[in-house]
Amino acid sequence: MSETPEKVQPETIPNTTETQPKPTEELRFSAQSNTEPFEIAVLALQNLTLFPETVVPLGVGRPRSIAAVESALATQEKLLGCITVRSTNSDEADAAPADLYGVGTLVMIKRMERAGEAMRIVVQGTERVRVKEWKQTDPHLRAVVQILPEPRIVDAEQVEAAKRNLQQMIQEALALLPNVPPEVRIAVLGSVDAVRLAYFLGSILNLGVEEEQKMLEADTADELLRLAHANLARELEILQLRSKIASEAQTEMDKAQRDYVLRQQMRAIQKELGEDEGGEAAEAELLRERLEKADLPDEVRTEADRELKRMQRLPAAAPDYHVIRTYLEYVLELPWRKASEDKLDLAEARKILDEDHYGLEDVKERILEFLAVIKLRPDTKSPIILFVGPPGVGKTSLGRSIARALGRQFERMSLGGVRDEAELRGHRRTYIGALPGRIVQSIRRAGVNNPVLMLDEIDKLGNDYRGDPSAALLEILDPQQNNSFRDHYLDLPFDLSRVFFIATANQLGPIPAPLRDRMEIIGLAGYSDREKLEIARRYLIPRQTSENGLTGGQLQISDEAVELIAARYTREAGVRQLERTIGSIARKVALAIAQAQSESVKVEASDIREYLGPPRFYPEQARKELPAGVATGMAWTEMGGEVLFIEATLLPGGRGLTITGQLGEVMQESARAAQSYLWSHAAEFGIDPIFFKEFGVHLHVPAGAIPKDGPSAGVTITSALASLYTGRRVRSDTAMTGEITLSGLVFPIGGVKEKVLAAHRAGIRRILLPQRNEADTDDIPEDVRKDLQIIFVSRISEVLDAALEVLVANPPPAPLITDSSQGSRRTEPESIAVKPA
Amino acid sequence: MRKLDFEVSLVRPDRRVKPSGRLWNPSADVYKSDDGWLVKVDLAGICSDDLEIEIHGANLTLRGCRRDTHYREGYIYHQMEITYSRFEKTIEFPSPIEGASVARDYTDGFLIVHISTQ
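Chains A and B are the protein sequences, given in the same order. Start counting at 1 in the first sequence, then tack on 7, and there's your number in my numbering. Start counting at 1 in the second sequence, then tack on 903, and there's your number in my numbering.
These are calculated hints, taken from the structure and not from any lab test. Incorrect hints may have been included.
What the hints assert, rightly or not - In the DSS-like style, the derived pairs of lysine-lysine whose C-alpha atoms are separated by at most 30 Å in a straight line are:
1. B:K921 / A:K221
2. A:K300 / A:K316
3. A:K117 / B:K921
4. A:K382 / A:K345
5. A:K117 / B:K943
6. A:K251 / B:K921
7. A:K117 / A:K142
Everything numeric in this text was worked out from a predicted model, so none of it was measured.
Can you build the whole structure from these sequences, using the hints too?
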């Protein structure tokens, strides 16, 4: 080409020129065309390496740098050498040529603008240059440089593989860098030139001058890509780690922030709605704080937290709000893990039991045994004890004493009349007004999870179509199951295994067998008169004295007076009425003393009538003389023992056996068995069989208004009938009890102590008991025992031998047809011969 | 909310680097004309000595160097927005243009390249 610049005008070159590629010409402008060294202004770069094929904005501030740029701008091509200062140099001083690397980048300045003293330039890297010789340092650096060839490819396949690998990694990195401008993404991902990609990575990654310089100086594409790959891999790893940490922190913060904002909004909305500001939010907050502080098992805490969250979503006006609140308060108040410490001093326990209760030796012994076991094995499951005995014998107060001896909380719940399982186990929360069952309520009252829990009147549990509460008790009282007792209301497992259950009952009969089976049964019999006297002296009189505001000296009651009260003014196995009656005497005395009528009062037996009026009870006394056909029996009642009389009379011309006196089925059957036995053994006992054919018998047991049942009257009925048929009277000083069989055996019965005591009270001094009840007589207090003659029998014949007088008092009526040849042992009836009509 | 701008530590904040070619490239329009192609390049201030045109297959490559000829000794640059120095522009056509006759001229500061394929 020979045209001059002037000719390059639109008008001056209208001619079309055939342009053929000319190799020599072409080299002038293409890359790496100039391999000859040339002199150029040099800009020293701090902490930065420029790579070819990148466009970078730079701020230029130092006078020497500005001078270098100015110098470059003064040339026609605006070229500048950019060489990095070694990192060991400080930023402050102007770098000497020795401080600069030997390889830099040739750039073209594309733009320049001034900003006060400084200037901003945009440069584009074109080629790498090597410094041949430094020409000057002031006013700016100047050097002779030579353009270096582009990194050559040694192994094309390897370079391609490395490039793809890099692109893959760049993809991953970009996914983690949301703020990278889209044009960069496109450029990077679309880049086909491996070297250009590597250079770009070198300039964009924060690698540090040394690493960057290594990349810049790489003479082969293989080396360059290897470096780029290593650096990017390291950076990617850091990036991933950072991103993970950052996103975790961000999530955490986002959630907290979000919760806070929403809560604020909710509060604002509630305020707008006129709902009590602070009220429910504060309430929920309070509950949350309490929940955090409370010592709850994990399962309970999870559930409570869930409910609290539900509650916070509800307005205070919603019915569920209060349901949940009550529930949470319940959960908080329950002693999930709180237990009291047992004090296990056996001597102390013994002392406490003796202080509170007179007698009951064997019961105390059993209780001490339990305590000893707990002492030796603290993790043992608490026993479940059942006290059976008549009212007022001290079952409940024994429970209290046990609690005191153990140092545990005492809680009592009466099961009398409970007939709905839900009362024990609670109602599910879906029901309005639902509450936990009584068990959980008691535990809450106790405030610890190991109280002594008394289930009073367990024999009075009702059951009907609404459910059977005793079935619920089966679970509660089973040591294998009750460590995760689930109340319907709470719907959370509560550990009842550390609760010391004590049940009380008046009778064993009504308690379902499976329930009875779970409990250690301890029987408490009634007290004898002597024991009552002792109890009155030691406990009742001092207690009533102080309860009525008197001092020990002001009221004295003589032993005879106490005995009289016990016998004539009360009828019980326990001492409750006795105490009440003593209380009424104490009140009358208190009145007298308050009115200053007297200083102190000593109550004698003779004064009792004055205080209490006429005697209220006339206990069945042994009848002086019994007519034939009447026998004295003994019965057991909840009040203790009773003496009763069985009366039989012949009905001439009648038929069968008429039974009256509210007798139960068992008793009626034993009457029939007695008659059948005598009939079948008529000859043996000298009874004329005609009586069984021609006469009816009426059997009556007073008092007629009181229902009676049980097999233990068997021997008494037999004696009465035998007496009736033979005319031999039953001895009036003898009372008897025992079940009979049709083959003539006598079987053992229960309630021996109460029966014997009652007989003794009634003045009986001779008692027939089944042989197999002999062991039970150990329970009989010695002072009673010594007054009595106890005869043990095992066959009916022995009973009749012992019970019937030999002499005939009231001979039975003569049969219609008397056949004396039948040879009865019976004395001939002579005086009376009543003929039936 | 505080932003966790972890990107800055990886991609240097002081460098808004963009990848580029080795040389700058001027903008160009391409027309399909009756007898071939007309290429209009935004390329003022080029002397014809500094311009090369090369045809290879379907590619037209313009190469050259724009020099700042208005600078005089003693001038001080206040602002520079025109890119000088070497440039390279390759235009790819849908069909080969090898063997076509090429003519160029300057009109209103545009470099016009006529490519006649007929």
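Could you work out which of the previously given hints the structure breaks and list their numbers from low to high?
Checked against the structure, no hint fails, so every one of them is satisfied.
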